[in-house]
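Spelled out from the first residue to the last, the chains are:
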Amino acid sequence: MKWLRENLFGSWPSALATLAILWLAWMLVPPLVQWALVDAVWSAPDSRPCRAAGAGACWALIAEKHRFILFGTYPYEQHWRPGLGILVLFALYVASAMRRFWRARLALAWLGGLALIGWLMWGGVAGLSYVENERWGGLMLTLLLATFGIAFAFPISILLALGRRSRLPVVRALSVLWIELVRGVPLISLLFMASVMLPLFLPEGVSIDKLLRALIAMIVFAAAYLAEVVRGGLQAIPHGQEEAADALGLPYWRKTLFVILPQALRIAIPPLVNTFIAFFKDTSLVVIIGLFDLLTSIKVALGEPAWSGFGVEAYIFASLVYFAFCFAMSRYSQNLERDLERSRTHVLREN
Amino acid sequence: MRARAAAVQLALVAAVLFVFWYFASNTAQNLEARKIASGFAFLSREAGFEIGEAPFLAYGAADSYARAILVGLINTFRVALVGIVLATVLGTLLGLARLSRNWLLAKLAAGYVELARNVPLLVQLFFIYAVITENFPGPRDALSPLPGVFLSNRGIAFPLLAPHAAYAWIGAALAAGAVLAWLLARWARRRQALTGQPFPVLSAGAALVLGLPLAVFLAAGAPLALDRPALQGFNFAGGAILTPEFATLLGGLTLYTAAFIAEIVRAGVQAVDRGQFEAAYSLGLPRRSTMRLVILPQALRVIIPPLTSQYLNLTKNSSLAVAIGYPDLVSIANTTMNQTGQAIEGIAIIMAVYLTISLSISALMNWYNRRIALKGARA
Chain A
339 MKWLRENLFG
349 SWPSALATLA
359 ILWLAWMLVP
369 PLVQWALVDA
379 VWSAPDSRPC
389 RAAGAGACWA
399 LIAEKHRFIL
409 FGTYPYEQHW
419 RPGLGILVLF
429 ALYVASAMRR
439 FWRARLALAW
449 LGGLALIGWL
459 MWGGVAGLSY
469 VENERWGGLM
479 LTLLLATFGI
489 AFAFPISILL
499 ALGRRSRLPV
509 VRALSVLWIE
519 LVRGVPLISL
529 LFMASVMLPL
539 FLPEGVSIDK
549 LLRALIAMIV
559 FAAAYLAEVV
569 RGGLQAIPHG
579 QEEAADALGL
589 PYWRKTLFVI
599 LPQALRIAIP
609 PLVNTFIAFF
619 KDTSLVVIIG
629 LFDLLTSIKV
639 ALGEPAWSGF
649 GVEAYIFASL
659 VYFAFCFAMS
669 RYSQNLERDL
679 ERSRTHVLRE
689 N
Chain B
20 MRARAAAVQL
30 ALVAAVLFVF
40 WYFASNTAQN
50 LEARKIASGF
60 AFLSREAGFE
70 IGEAPFLAYG
80 AADSYARAIL
90 VGLINTFRVA
100 LVGIVLATVL
110 GTLLGLARLS
120 RNWLLAKLAA
130 GYVELARNVP
140 LLVQLFFIYA
150 VITENFPGPR
160 DALSPLPGVF
170 LSNRGIAFPL
180 LAPHAAYAWI
190 GAALAAGAVL
200 AWLLARWARR
210 RQALTGQPFP
220 VLSAGAALVL
230 GLPLAVFLAA
240 GAPLALDRPA
250 LQGFNFAGGA
260 ILTPEFATLL
270 GGLTLYTAAF
280 IAEIVRAGVQ
290 AVDRGQFEAA
300 YSLGLPRRST
310 MRLVILPQAL
320 RVIIPPLTSQ
330 YLNLTKNSSL
340 AVAIGYPDLV
350 SIANTTMNQT
360 GQAIEGIAII
370 MAVYLTISLS
380 ISALMNWYNR
390 RIALKGARA
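If you're matching them up, the sequences are chains A and B in order. The first sequence begins at 339 in this note's numbering and counts up one residue at a time. The second sequence begins at 20 in this note's numbering and counts up one residue at a time.
No lab work stands behind these hints: they were computed from the structure. Among these hints, one or two may not hold up.
Calculated pairs, BS3-like style, for lysine-lysine (alpha carbon to alpha carbon, straight line, at most 25 Å) [stated by the list, open to error]:
1. B:Lys54 x A:Lys548
2. A:Lys637 x A:Lys548
3. B:Lys126 x A:Lys340
4. A:Lys593 x A:Lys403
5. A:Lys637 x A:Lys619
6. A:Lys548 x A:Lys593
A quick note: this is a predicted structure, and the numbers were derived from the prediction, not measured.
In isolation and in its complexed conformation, chain B is listed as follows (with noise of 0.2 Å):
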């Protein structure tokens, strides 16, 4: 039996090994035949072409090619992390709205979640794109449902808070904030333990979250000017334009999600037992106490596995990007690799990438799963 094993694995991994040298001599053969260097040398080679969108880092035709794929990195970046928290907010209103006694909004959330779950990503992206780019007017008279803001065919353009030296200072107060409620917390929850004495932590910590910015924000003198867009000549300046590329990988991200996510709030939600309630209520807890102690505990361990992957998943679809022409890592890439033909390499990099952002959120979730998984539960 030991013996037979050993042959069935000794079997499988010459196989294995013989199919990888199998590709890898004719991969080495038919570069050679196309004069195709194999290696990452070309990264630093001249890119050459522009790059619609590149936020936080410059970039010109003349940088090269590693600079583009990080500009690339960021634009994928930028809309998942954008899309994920938008996702959760709507995604959780919708979840609550499934489970609302109103009969109107709770058919109307399931209407929604049933269409957008049921309808590819990739046409919903085409459908927004196509909205915008064909039904949006022009510039000059683009429509503004609120002052300051307007929809064209060149984009969304938004006013945004002109920039202020006392903005640094308010952010450091917010970290400052959180890690004195932190310790507070923490104070608190000792205290508690040994002399059974409650403190509230919850409205002190908010005080200190909140309170420490608006001093320092008062203190400056409260700068709240605002840099909004205008016309000029045939676009929009100022402000913050949300190109229709992004808007359209941004809405289509977000809406998908959020039909995900509805439903894993909502069977989290229904997970916990009425009985749980009942029984925190008959120890006398408040409803604030038993929705924070008892019952959002219980959700969340239902609810944050499946979160966790379907933020994955939105991390993943952003490579949809390439679709409809914005500037993410893979669209860049594959860029990168129609003009170099350095296809192994270029799809190496997208694989790595995506894999490190995958991996090494599982590895998260496989600690916070094991820190929060019932004591004496087998797994």
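Excised from the complex, chain A in its bound form (with noise of 0.2 Å):
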């Protein structure tokens, strides 16, 4: 009683919007319950039952077409492949994300991980048989996206904020250059260039397909934005480390990579996973170049006249697929910036 007072009736304006907000949930959920739940269409082989009259939610779209919505046009009789890959790209999200497996080995996983995943892919070889990437598709291609894009992005980020930093003056302009000129444009249009301008880059008759030209985008887009989020963590080093590894004699290269990059980076850390679920969400934008990630799967068979017309449901659904993948991810960096913060006031307190 004394909790409800204080905090939902502590005042007149506040009592009149616990009010309203009450009111507002009685009207709202119990006709959304009723129609997402009570009355939906969990499964169905047509959309006939969802266009009954009093049908609710079609979530039959969803059960129907859900194989499509995760593997897009791959074949069909395949579809262990990607599901299996998925499985390996999930232990290896789980694995990075725990601390105590925060070794060089991890990259060694990383590798033996993303290799198995091409095989299982592309086959071809040792008893698989090949299926060319055009027939990627569905939730498989976000996540590769998403993976391989941040895994060629970050290494050349760093390489970027150190540049931005460096005291040459070539290296620094050429990596402002970067920096500012991807900052400063929207993805689309990185996007568009590598889907129409990248061609005419090339010589007559080389040609690289449209899913390695995206990547290509989405890489020089991330390096950029994950550049300033290291730069960031490199700001916030003391300046007395790099004169004390300078001290020590220490050259460039040693000095960065074993005094001031392991200190910056993991204070860059949550950020980083900020710009990663950014980077996340903004693959969904490959829709627009017509490359078939799960968007463009859901748009895909909402196109299909039998489904057409349940729009609502389908990008409900997507959007608690990119919601899950996120709101996990948010949910780690902030947890993680609690830990890294305990840890850190905890060795200065014991020094």
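Hints are included, so try docking the two chains, each in its own frame, into the full complex.
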């Protein structure tokens, strides 16, 4: 009772707000539950039951098309391959999230895991039939774009961040140019550039496929944003660290690799994870250049006349999938931030 | 050491130049093979496509590509400016709601912020567009939540003040009031610095800014005639009509960016130390002056830089218009590229526009940051 009085009816405006919210909930929640759960059509071979009078949400669309949404146009009887690939990716994500696996061996695990996924997806050797990457799609493609994008963009971003702080004017100018140019334009213009301009840049007869071109644009884009986060970490390192390394006579690269970067990256982990989240959301933009990611496969499923008109259900499902990934990452980053903060103050107190 | 640094930089410049030369020569060959003339001459050719909405600048299919792109640019600014205003208002309210002592309100705002931040904007846009075009009724049985406002699958129609000659004068009075209030504030500040006598600048300034237009409004006989939308054939006419595309983009950009602004506002208010309130009170400053002179300036110092970058994000995100068919700069440039094959020029135009916006805003920000930076603090 005391809690209620203090937190819901603390003052007149507060009491009014509480009543208004309760009234809205009373008006909105029951019809929403009715639509989304009670009257919903959970499975049906086609959309006829969904179109019947009084029918609620048409989740049958998701149930019917779930394989397509997960794997796109990958050959149907081979779906276990991207399925297994998704599991491998998840195992890698979980292992990378645990701090006791933060060893050099983790990088090896990633190399091995990605090679395994490449073999599963492409096949062509050791008994698996070859599947060209035009047929990759769905959630698997979204995860691959995000994972490979970060995997390549991250090392580049470290170089860019170091370059921006370099004493060599040319290196500095080129890094600033890359970072500011990319951050100044929308991602969609880079994707257009990759899809229509990049083919013009290459000599006749040489062509890069669409997936790789989009991936290049995403990497160029992510590297610029990550570089600014890394630079933030570099700036947070006390000047004394660098001076101490100089006093020990360490040359630039050893100083950077063994003294500066380990500390800077540790500080930068929470904002880095936030940038990963933004990048994961941004992968959805490839729908505009016609790459077959999660969002595209949902759009294509809706494009069939049999299932058209259920966009609300389809995009609620898409939102839930993206939300699950992003929310997990953001919670993880918050916890990590708290842990790192605690261990740092702990160290300070011991000194 | 010096020599090595010079050698490294020279090699880097050479490599970059080589890559550029390689791309340029390939491009020249490819364009020649495809018989595409490079250059911006195509801009004066006839565009030949219609644009769904072209406010402020009359446009028809017979007009040039340059004019079509200008229409796109106006559309980009239109949605971005309105979006920035709405997102700021909604974001500030949400941020303050998160700090509310009312548990229900705070949790509701927090839930909304989490939801909006963790779903891609593009998915939100598709969702809103599906709601409007698939689930709203046709114009004949449009929903009317307020008198004169109609929601239908053709967009949102609402009444507008009918044009009247006095409105231009009211605008002029508003500008004059603002200038006078600014002069008054300068004079009052100088007088307070010299003599210590305060002057009620805020209320006097408000009276000037609001009073002058109001006087003109009343002198003109208070013209308040409304131009109401009415069903005409298959759609509404009169009043103002937001097309489904514009309404979707504006709604999506506002709802998405507001969630980010809410977090910025919350962090800004929380960044002000409690001791600042207590110190101001113990000096005998009244509550309003405490907020205006002590708390807000400090909160704004934290809020404004990330807020500006959210405004830039909103402007860049308005390019997602191309996915739902709102004719912004990017989607018109895209149509132009598809029709003429001038991909390089089209992308150059898009990038030049956005870079101009971004770089001028960041220059402004840097200037502002230097102005408000704590004196003596290391940047």
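Hints, verified against the model:
Taking the CA atoms of Lys54 (chain B) and Lys548 (chain A), the gap is near 24 Å; set against the 25 Å cutoff, the hint holds. For the hint linking Lys637 (chain A) to Lys548 (chain A), the alpha-carbon distance of about 19 Å falls within 25 Å, and the restraint holds. At most 25 Å may separate the alpha-carbon atoms for a hinted pair to count; Lys126 (chain B) and Lys340 (chain A) meet this at roughly 19 Å. Taking the CA atoms of Lys593 (chain A) and Lys403 (chain A), the gap is near 54 Å; set against the 25 Å cutoff, the hint is violated.
For the hint linking Lys637 (chain A) to Lys619 (chain A), the alpha-carbon distance of about 16 Å falls within 25 Å, and the restraint holds. With a C-alpha separation of about 40 Å, the suggested pairing of Lys548 (chain A) with Lys593 (chain A) is violated against the 25 Å cut-off.
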